[in-house]
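As you go down the protein sequences, you meet chains Z and R in turn.
For the first sequence, this note's numbering begins at 2 and goes up steadily by one.
For the second sequence, this note's numbering begins at 63 and goes up steadily by one.
Keep in mind that a hint or two might mislead.
As the list claims (entries may be wrong) - Anything over 10 Å on all C-beta distances counts as not near chain Z; from chain R, calculated:
{"id": "1", "residue": "Ala180"}
{"id": "2", "residue": "Glu195"}
{"id": "3", "residue": "Asp385"}
{"id": "4", "residue": "Ser450"}
{"id": "5", "residue": "Arg455"}
{"id": "6", "residue": "Asn553"}
{"id": "7", "residue": "Glu577"}
Stated by the list, open to error - Straight-line Cα separation of at most 25 Å, BS3-like style, residue types lysine-lysine; simulated pairs:
{"id": "8", "chain 1": "Z", "residue 1": "Lys75", "chain 2": "R", "residue 2": "Lys164"}
{"id": "9", "chain 1": "R", "residue 1": "Lys451", "chain 2": "Z", "residue 2": "Lys187"}
{"id": "10", "chain 1": "R", "residue 1": "Lys412", "chain 2": "Z", "residue 2": "Lys75"}
{"id": "11", "chain 1": "Z", "residue 1": "Lys130", "chain 2": "R", "residue 2": "Lys451"}
{"id": "12", "chain 1": "R", "residue 1": "Lys621", "chain 2": "Z", "residue 2": "Lys36"}
{"id": "13", "chain 1": "R", "residue 1": "Lys390", "chain 2": "R", "residue 2": "Lys420"}
{"id": "14", "chain 1": "R", "residue 1": "Lys621", "chain 2": "Z", "residue 2": "Lys64"}
{"id": "15", "chain 1": "R", "residue 1": "Lys411", "chain 2": "Z", "residue 2": "Lys103"}
{"id": "16", "chain 1": "R", "residue 1": "Lys438", "chain 2": "R", "residue 2": "Lys98"}
{"id": "17", "chain 1": "R", "residue 1": "Lys98", "chain 2": "R", "residue 2": "Lys445"}
{"id": "18", "chain 1": "R", "residue 1": "Lys150", "chain 2": "R", "residue 2": "Lys411"}
{"id": "19", "chain 1": "Z", "residue 1": "Lys183", "chain 2": "R", "residue 2": "Lys445"}
{"id": "20", "chain 1": "R", "residue 1": "Lys438", "chain 2": "Z", "residue 2": "Lys103"}
{"id": "21", "chain 1": "R", "residue 1": "Lys412", "chain 2": "R", "residue 2": "Lys142"}
{"id": "22", "chain 1": "R", "residue 1": "Lys521", "chain 2": "R", "residue 2": "Lys535"}
{"id": "23", "chain 1": "Z", "residue 1": "Lys183", "chain 2": "Z", "residue 2": "Lys218"}
{"id": "24", "chain 1": "R", "residue 1": "Lys142", "chain 2": "Z", "residue 2": "Lys130"}
{"id": "25", "chain 1": "R", "residue 1": "Lys571", "chain 2": "R", "residue 2": "Lys535"}
{"id": "26", "chain 1": "Z", "residue 1": "Lys220", "chain 2": "Z", "residue 2": "Lys231"}
{"id": "27", "chain 1": "Z", "residue 1": "Lys77", "chain 2": "R", "residue 2": "Lys451"}
{"id": "28", "chain 1": "R", "residue 1": "Lys412", "chain 2": "R", "residue 2": "Lys98"}
{"id": "29", "chain 1": "Z", "residue 1": "Lys183", "chain 2": "Z", "residue 2": "Lys231"}
{"id": "30", "chain 1": "R", "residue 1": "Lys445", "chain 2": "Z", "residue 2": "Lys182"}
{"id": "31", "chain 1": "R", "residue 1": "Lys535", "chain 2": "Z", "residue 2": "Lys60"}
If you are wondering where the hints come from, they were derived from the structure by calculation, not from laboratory data.
Everything numeric in this text was worked out from a predicted model, so none of it was measured.
Backbone N, C-alpha and C define an ideal beta-carbon position, used for all residues, glycine too.
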Amino acid sequence: MADNTLIITVALGIFAILVYFLFFKKSAKPSKKNKTLNLFCGPVDSGKTAALLHLQHGKDACKTVASMECNSAKVKVDEGGDVTANIVDVPGHPRIRPQLMKELDAAKGVVVFLDATCFAGMARTDVDKSQRKEEGIQILYDVLTHTEFSNFPGGRVLVACNKMDLFDDSVLTAPTAKSIKKEVEKELNIIRESRQGMLQTTDGADQEAFLGEEGKKFKMEDSTVPVEFKEVSVSAGDVQPLRDFLA
Amino acid sequence: MIASGVVFSSGGAVLWGRGDAEQGAGDLIREVLLQKGAVAMDSQHVLGANTWRCTVDNELNIFFAVACSFQLLYLEDLAKSFKSAFLKSYRNDIENNGVGGKTYNFDAAFDALLENEANKADSKRKKMRSFEESRKDKGKKDSGAASTAPAAKSESGSRIAKAKDDDTDLAQESDDVELDPVARARAALAARGGRNRRGKGGAAMSSPSSKGSSPIAAGSPSKKGKKPWWRPGQNGDGPEVLDYSDGSSLADSPMSAGNAGLGADGGDFATHGTGFDSSDDEDSADDANQGRLGSIFNYFSRISGNKPITAKDLEGVLDQFRDMLVSKNVAASISDSLVESVQNSLIGKKISGINGVKTAVREAMEAALTRILTPKQSQNILKEVETSKAEGRPYVITFVGVNGVGKSTSLSKVCRYLMHHGHRVLITACDTFRSGAVEQLRVHATRLGADLYEQGYAKDPASVAMAGVRHAKDKGYDVVLIDTAGRMQDNEPLMRALAKLVNLNRPDKVLFVGEALVGNDSVDQLQKFNQAMIDFAGVAEPRTIDGVMLTKFDTIDDKVGAAVSMVYTTGQPVVFVGVGQTYTDIRHLNVKSLVRALLR
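This is chain R alone, in the form it adopts within the complex (with noise of 0.2 Å):
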């Protein structure tokens, strides 16, 4: 069996199901559809052994998803034909049973169709030509000439009319054979003149005047060694060979009317394309009268939930919506990850009532962003403590993140918090670059009444914190917190000294934080630490990001899309959020509200 598939509705039944397919189900749905949502049915995810594609049907809330345990080029092609065989042979009994009294039978259907999709590709693919038939054997001088010529800077530019030769002979002979495809690209490119080519010596354009006209027609030997190939000082060709300004095409037309923008009542001059086209204006007018009764019959079998909703529907809908979350601060590349999300699980609906699309999609929305900031085990920090505590061993939280976000403050604020409920509490100060870093941490554990582990300056990072964690453990201490030097996430000898702080200590909690502030660097950041951190670990399972701090969240108003795109990038959610800069203002994330200051 090439691949096993299964078929499962959103609330759980399972339709149809075999192999492994059916065993990754559970997984599927956990790691891949709750994290990433309907965006996840464009791409192939890698769970366990098997990669996995899967498509929905919207409209019956049903799942497809196929898997291989290697790697399958159709799978996509794959998941469509089994959703659409499955649908053709069960959407009636579906309709009118529902889900979940009855396993349906695809086991036959299924093999027939592995085995269609499986020669589908074979057919497509193409058969290697024998050396009899392939362009080799047709004894062209030159093309072996063009292929072993060295690239002397002088040659260059014959090498490159030779090979026009080659192309006007090739584009030639193109009754008699099929052109390969190497063949076909190069008569291509002559065809548009070459414009791209680079030769040894940064040879340009043939001829300046040609600048912009019409490009060369392959097959007219004419063209052959006539243009100069410009080289500095090669022909005597200077400057003012380069020298346009004598009033070619471009530069003569005035500002006409027609290429002036369009003007709006009252004069003001608009750029074209920003969306008030006048063309597309005449146009609705000439089919206004035949479109306005088709969108009213659309309108009401829209709303009597006959017909589905389609893209074309959501399209307008759908950016305004993100146009609304990116000027929320939320990251631009998240915005569109979330937009296609909804719209992969609203194509294909049927939405019935005057509701209408935009309630639908704001509905939509909504789940989604809530799915995404609610975390995926409930969070307790006290309890995590209490734990340790009883294993006997200290409960280690580290801070990382870039310069200048608030980590010590944000981690002496932790330390009022952990010591108000009577754990004892010992800050590291594994920040050992940044001057008054140390005597900074002192001062905060002086006026808290915690203890300060310290070596100084200038000494490595984890191995002074693997001291402090040694240290605590030998005096009974509860909570261990670790205090890093800031570094962006570019700077490649900083990203490993964390990677081997973090793999070598092996914290509970390695808490990013980040400002609220940040635009789209946030995603860029929260990446780049996670991929240092798994690629300079050194170790077989490396750690990375376990939960995001968001600080200076009362600086935006209701820009609070950062927190959305820390927790999408790293599927972790926010632990903590630093509203002030005294040691109480700390808070937990209320999900419901950010939501709705996101869509308000």
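Same shape as in the complex, but just chain Z (with noise of 0.2 Å):
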């Protein structure tokens, strides 16, 4: 009798331990609390998912092309060593930039890669150049002002200024991470001014977070999350800062 009931007890047991991994181990969503993910993103051509693979695989990443969904990897900060940095690439298309604000919801360090030759003075006249620099500064926008990572104390962002490769051999003046910094300041604030002034949504859904103090010109300091500005160069593997980074 007593074996019955033992027998009976053990099958239940295992019952539902079986059960609970059917039904629970798959609908894990990461908890607010749980931000552990750093993310690539930015407009698109700026050499993102290029960086991921780099990290990931050295010499032998392949070409890339615009990406349509995000990359997730676990990739080793440093080659050799054990850190680990869990990194998400999400597209730059502007119809994926909702991913983006998901995305955010769990991140700890964002990396904003901008394309730099869309900062030389050559590039004023390029329509593709000059949208992609816009876009790259939106981008830089939202995340700042995202409620959720703004508010967060341990975030933090890199704006890593890509492509500084290709202005080894040409006459262009190779842009720095400081003159960069200063123009997208100066973005940042035109883009506030024009923010605040647009309309509510059809919902009156969540209200991004202001930038910087109200009255005062904006400037790198005044985010509620540090930002650097550094110069990487994903296709020569000068990623030096990034792996800093991530570390």
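Starting from two chains that each stand alone, build the complex the way the hints lay out.
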């Protein structure tokens, strides 16, 4: 008799464990407190997927093309080291922007890739480049005013000015991280003015945080999360600032 | 090289690529795949100098695209065999190692594939026959007469009879020689009784008594000449010949239990084919026992993630979603495209977990709708006005649309919004047709404190617009709002006038004003407006609609589908939404809440 009840209890226990794994294991959602992600974001063709593949595979990384979905991977921060980082590479196309907003909820570090060739003096006449420059700064604005991310005390932002290697042989003066930072600050102020003027949405949904302080011109130091500007070059393999940031 | 190909993952890694396809893959993604979604797999696309065809493996999320610089008839087959050949060689590798770490070598195999497909297409194409082999050489006088005889009224009957002769002869010769397609088709037509043939005199089917009866067998010469070809008053055949009321076939069988429809419990009759077919029930009862075990096995193998989704699994769920979208006022053709797009993106995918097909479809549908409604460039009107100001020219917005959608009211709302942010606005009255249009705008301008530029009625709208913009530039206005007359999309002269106005003045934004109440007509309106603006442009780079303004949004509850129809048809976003009839009732669109309302 006792054997019977023992067998039944064990069977029920196994059944319960089975049910748990079947039903509940797959539906784990990232909780709000669980911020472990590093995001790679930025306009199209700024080198986000290339950077991720470079960190993952080094020299073997294949060529890249515009992403349509996020890539997520766990990469070793330093070759041969032990520290790993969770990276999510969000596509840059504006139609996929809502995805970025969603991923920012669980982000602790954000790398915004900018194409440095868009900031060179010659780029003013190139329509595509100036569009991408504006998109990039727009993305930075969205990141800095995201209600969840901007209030997270451990959040950090790195603005990676990519494609610096394209200036090596050309006659164009390469923009430096400092000059890009100045230009970005100026644009952010313009965007701030126009965004404040924007109409409500049909649903009166979440308003974004205000950048900097009201009445005062925005400077990078005023941002609630620390922002750094660094030069990188993914195709030349010069990504040390990235590695330092992810560590 | 006839064609080039590229293989890339949805995350952006290129696994193999060559030639034009590799260069153009980025454009393909941006212009086609992100605009139309997975429904783009079903057709060819022309981008730049190349024609593209793509296909996808949903399990591995890998896209295969082939590009050719000229029209290739077998492009679709090429894409399909490209996909199967590549996956045959490398599927295991990809499943084990993921994508991104390796560029595969497929050059030689791709060349072999091209040759293979070209040979297959050649063999399918029939060789032209020599003169000796063809029909014409057989010296048939009847066929000569049939093709050259003038179709005089009295002769058409005999001609058709002669042609029948032809067919019978042809049929008899079928043993010795292979019938070429034309003759085969003729024989088939004769077999059907020539029901669809229309001679010059409106010759109808031969004998009225043979209506609905067995078709004339080809090769029965007794039929020749027997049928009176009915023509009014010809053989004295009058209406009596056509009188079928003497109780033949269909009329006499009374309503029997068989064809009365199916009775449900309670004695009500259901019409055939709305889904409670008793026959199906019988069948399913029969193999329920076999099926039950199979379906349980299927269910478990699906939730454990082993069995990929098939079209059959998706059918029922997709129909439900289609009906839901249509009930939310999304145009029928757009709902079909959306559902097809979701289907294409889910077939072959493996979903694991208890969540099941319905959740996967809901997520895919939500992603597709969000992608469609999100603008492809960030929208910031105020910033664009600032940019124009910096360049020293006014920012011009034109409002177009059909009659009665709210163009003038929306214009005044936008005017108030821009004035609120400190810009000087000039309203230009280019509706020179509707009575009271100019006066209406004058009232709005006075109440808002804006200025109005008008030249009265019956003037050419395009020149009024041009004069208005010039006036604005001279006097230093920041924004010009152009009001046009409402016009139906089918009205060619008015569409021409609109195209002339838009292409002559090249406004910064052409806003199509559409009401949220519109149903399937929204697709037609936008297509025809865009097409007219391209066709009647007269310039090398025609302007089309740049954005949609949705009006009367407060009158619909959650039947918000018109937004989706309009955005899908043009590819342009919803810029403003009008939510009432006063000056302050203007908003931006919240994509997330709209999608939620659609899928609720």
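- Within a Cα-Cα threshold of 25 Å, do Lys621 of chain R and Lys36 of chain Z meet the stated pairing? violated, 38 Å
- Please settle this one: Asn553 of chain R was flagged as non-interface, so is its CB more than 10 Å from every CB on chain Z? Consistent with the label, Asn553 of chain R stays out of reach of chain Z, its closest Cβ about 32 Å off (over 10 Å).
- Query: Is the Cα-Cα distance between Lys445 of chain R and Lys182 of chain Z 25 Å or less?
  - Reply: holds, 20 Å
- Item | Satisfaction of hint between Lys187 of chain Z and Lys451 of chain R, Cα-Cα up to 25 Å | holds, 17 Å
- Message: Between the alpha carbons of Lys390 of chain R and Lys420 of chain R, is the straight-line distance 25 Å or under?
- Response: holds, 19 Å
- Query: Is the Cα-Cα distance between Lys521 of chain R and Lys535 of chain R 25 Å or less?
  - Reply: holds, 21 Å
- Minimum Cβ-Cβ distance from Ala180 of chain R to chain Z exceeds 10 Å: holds, 27 Å
- Query: Under the criterion that the straight-line Cα-Cα distance not exceed 25 Å, is the pair Lys412 of chain R, Lys142 of chain R satisfied?
  - Reply: holds, 21 Å
- Task: Would you check the hint for Lys438 of chain R and Lys98 of chain R, treating anything up to 25 Å between C-alpha atoms as holding?
- Result: holds, 12 Å
- Reported absence of Arg455 of chain R from the contact zone with chain Z (all CB gaps over 10 Å): Its Cβ never comes within 10 Å of chain Z, the nearest being 17 Å, so this holds.
- Item | Lys75 of chain Z paired with Lys164 of chain R [C-alpha distance capped at 25 Å] | This hinted pair holds, its Cα atoms lying about 18 Å apart.
- Query: Between Lys411 of chain R and Lys103 of chain Z, does the CA-CA distance stay at or below 25 Å?
  - Reply: holds, 24 Å
The structure is inconsistent with the numbered hints 12, 14, 17, 24, 27, 31, although it conforms to all the rest.
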